[in-house]
Amino acid sequence: MLRYILGRLLTFIPTFIGVTIVSFGFIRVLPGDPIIVMAGERGMDQERYNELMNQYGFNDPLLVQFWDYLTGVLQGDLGQSFVTKRPVWDEFFALFPATLELSICAIILAVMLGIPAGVIAAVNRGKFFDRALMSTALVGYSMPIFWWALLMIIVFSGTLGWTPVSGRIDLLYYFDNTTGFMLIDSLLSGQDGAFLSAVRHLILPSIVLATIPLAVIARQTRSAMLEVLSEDYIRTARAKGLRPIRINGLHALRNAMIPVITVIGLSVGTLLAGAILTETIFSWPGIGKWMVDSIYRRDYPVVQGGLLLIAVMVMVVNLTVDLLYGLINPKIRKR
Amino acid sequence: MTDAATPTETAETATAQPPRRLAEFWKYFRENRGAVIGLYVFAVFVVVAIFANLLAPYDPTQQFRQFTLIPPAWQEGGNWQFPLGTDPLGRDLLSRLLHGARFSFFVGIVVVVVSATGGILVGLLAGFAPRWLDTIIMRIMDIILAFPSLLLALVLVAILGPTLLNAMIAIALVLQPHYVRLTRASVINERTKDYVVSARVAGAGLGRLMFITVLPNCLAPIIVQAALSFSTAILDAAALGFLGMGAQPPTPEWGTMLADGREFILRAWWVVTFPGLAILVTVLAINLMGDGLRDALDPKLKRS
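Protein chains in written order, with my numbering: chain A, 32 to 366; chain P, 2 to 305.
Since the hints were derived computationally from the structure, they do not count as laboratory data. C-beta: ideal position from N, C-alpha, C; glycine also. A few of these clues could be false.
[As the list claims (entries may be wrong)] In silico EDC-like pairs for lysine to aspartate or glutamate, Cα to Cα no more than 20 Å straight-line:
1) Lys158(A) <-> Glu258(A)
2) Lys194(P) <-> Asp299(P)
3) Lys158(A) <-> Glu32(P)
4) Lys158(A) <-> Asp292(P)
5) Lys28(P) <-> Asp296(P)
6) Lys158(A) <-> Asp296(P)
7) Lys28(P) <-> Asp292(P)
[Claimed, not checked] Label pairs and their calculated CB-CB ranges:
8) Ile189(P) <-> Gly103(A): 38 to 46 Å
9) Met143(A) <-> Trp27(P): 36 to 44 Å
10) Ile51(P) <-> Asp91(A): 50 to 58 Å
11) Ala270(A) <-> Arg192(P): 41 to 49 Å
12) Gly88(A) <-> Phe26(P): 54 to 62 Å
13) Ile224(P) <-> Gln86(A): 47 to 55 Å
14) Gly103(A) <-> Pro250(P): 38 to 46 Å
15) Ile289(A) <-> Ile189(P): 18 to 26 Å
16) Ile189(P) <-> Gly107(A): 39 to 47 Å
17) Gly56(A) <-> Gln249(P): 25 to 33 Å
[Claimed, not checked] Covered stretches of chain P (chain A as the covering partner; in silico rule of three or more C-beta atoms under 8 Å from a C-beta of chain A):
18) 140-149
19) 155-168
20) 234-240
21) 258-267
Using the sequences and the accompanying hints, generate a full structural model.
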């Protein structure tokens, strides 16, 4: 087991360095001079230009620049935003809870609906329920979620007027940002209706963000269940006369969960990509919207730093999933 | 005498081989009703994409200024002159949608061809290469896969400049590692089999070994992946267009059309509903086809 963990960690390091090279290279392959871009339309004189070139180290050899960048990254220094002049690291972690809150709600929704749907479909293989659920799942899987979000807004915010269109909470409420999670903060504040407002703002974005993971989880649960249901020990359980609920729910589902958990872990990348679109449409102040806005504003240090942090996060989650998978399934370790 | 008969016999079976395999494939593919429906819808999509300029009643950029935001014909205030209504600039929505098929089809084809060709070549190389080169190639692929695909495509387009061509390049680059992984995995699986060893012993060169001996036997998962990445390409290109980082207005690309109509969603539902529906139906049809392809090509599921 130790060898498996070490081996897996060893592949992490070169990938990490590669990812830093990509984000380091990003600002250097851009057409145009980053300092000129930073100066914006006003421009700057030669003296100030040289000063900034030296300050940002653009005059050093490339290897020295990369070394400075890498050591900076490891110490949490990702540079400053051109626009707000605040450190990229601070901005990222100030906005991250918003994305995390949305993603957690989405994944809970996806799991709570996706796993039962997959189980029901597998148990009723080939029958009406199976076909109906799997057709729906395929539609969800093929959904352009930016369009799905607009449809939801038309129906639930426009026609029915049930939910707000954007933001995390009504402007009526104001309270301290203790945890960064609006659901918890609004409860802590004790203001009437604050929590409800936060929930109402969260519903549509969560549904939209959950759509694709939900479809993937339902499909994966179904195929894993089908595989397990054909095993001998299930036949034994049936022969013993156990009730179907017990067989399907306890015996089969437990073993079918292994691939499903992997899929859930690996959907973090999908969630972050989905967050870019979902947050942009619902004006959700998370890192997805932050990245898109920074790309529009040509705020390159933010794009560079955000890209790196997101990639590292995805890598860490994938690594954890792999390690957990090795822990649950000993067959994997021997490879 | 028998010696003379054998070659003709083998030649016959060799020529008979491809149609029979195709027939077998079709037999399995046909069993999946969804896949056949998907195939029909996809065929319609291709026809529309090719003949868009003949089918569309108007030019997609022609503006009828006195007819802005006309609802679809069956609604009150609708007009059969514009069956699906008009957009805020008075352009005929149906004509724009039909022309949009052309862009999506083009994006799908180009992305699949570019990413599959590149991915297969690199994957073959990795599968046959010495261990160190294989490791380097696969680490590079890991690096590309560490970034969420849409984000990486978005950043690449920001570097290259927002055009449809650059969006296609970015998407192809992002999708390519999947082909590398698939090809490499099947190559490694096939490489130790007897037929490959015997071909090597018989003196087949590396090129022949790669492309003629091994590659045809690795194609099944790659074809399925091609179908899936065709739909991913359409979705991602539309998402980039929607974010203003793909095709630029007035191009009648479906994602760009959605972005154009976004501010009118509460007043004119048709402006955003139809382009999205077009994306969904196309992607769904291709995914249905992909599922059917997988069932028909996956040897594990074959019952014969």
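Here's how the hints hold up against the structure:
1. Lys158(A) <-> Glu258(A): 17 Å, holds
2. Lys194(P) <-> Asp299(P): Holds, at about 19 Å.
3. Lys158(A) <-> Glu32(P): 16 Å, holds
4. Lys158(A) <-> Asp292(P): With Cα atoms ~18 Å apart, Lys158(A) and Asp292(P) stay inside 20 Å; holds.
5. Lys28(P) <-> Asp296(P): 11 Å, holds
6. Lys158(A) <-> Asp296(P): 19 Å, holds
7. Lys28(P) <-> Asp292(P): 15 Å, holds
8. Ile189(P) <-> Gly103(A): 38 to 46 Å: Holds: the Cβ-Cβ distance is about 39 Å, inside 38 to 46 Å.
9. Met143(A) <-> Trp27(P): 36 to 44 Å: 41 Å, holds
10. Ile51(P) <-> Asp91(A): 50 to 58 Å: Given about 55 Å between the Cβ atoms, the range holds.
11. Ala270(A) <-> Arg192(P): 41 to 49 Å: Holds, at about 44 Å.
12. Gly88(A) <-> Phe26(P): 54 to 62 Å: 59 Å, holds
13. Ile224(P) <-> Gln86(A): 47 to 55 Å: 54 Å, holds
14. Gly103(A) <-> Pro250(P): 38 to 46 Å: 40 Å, holds
15. Ile289(A) <-> Ile189(P): 18 to 26 Å: With Cβ atoms ~24 Å apart, the hint holds.
16. Ile189(P) <-> Gly107(A): 39 to 47 Å: This hint holds: roughly 40 Å between Cβ atoms.
17. Gly56(A) <-> Gln249(P): 25 to 33 Å: Between Gly56(A) and Gln249(P), where Cβ atoms are some 27 Å apart, the hint holds.
18. 140-149: holds (count 7)
19. 155-168: holds (count 5)
20. 234-240: holds (count 3)
21. 258-267: holds (count 4)
In terms of the numbered hints stated before, the structure departs from none.
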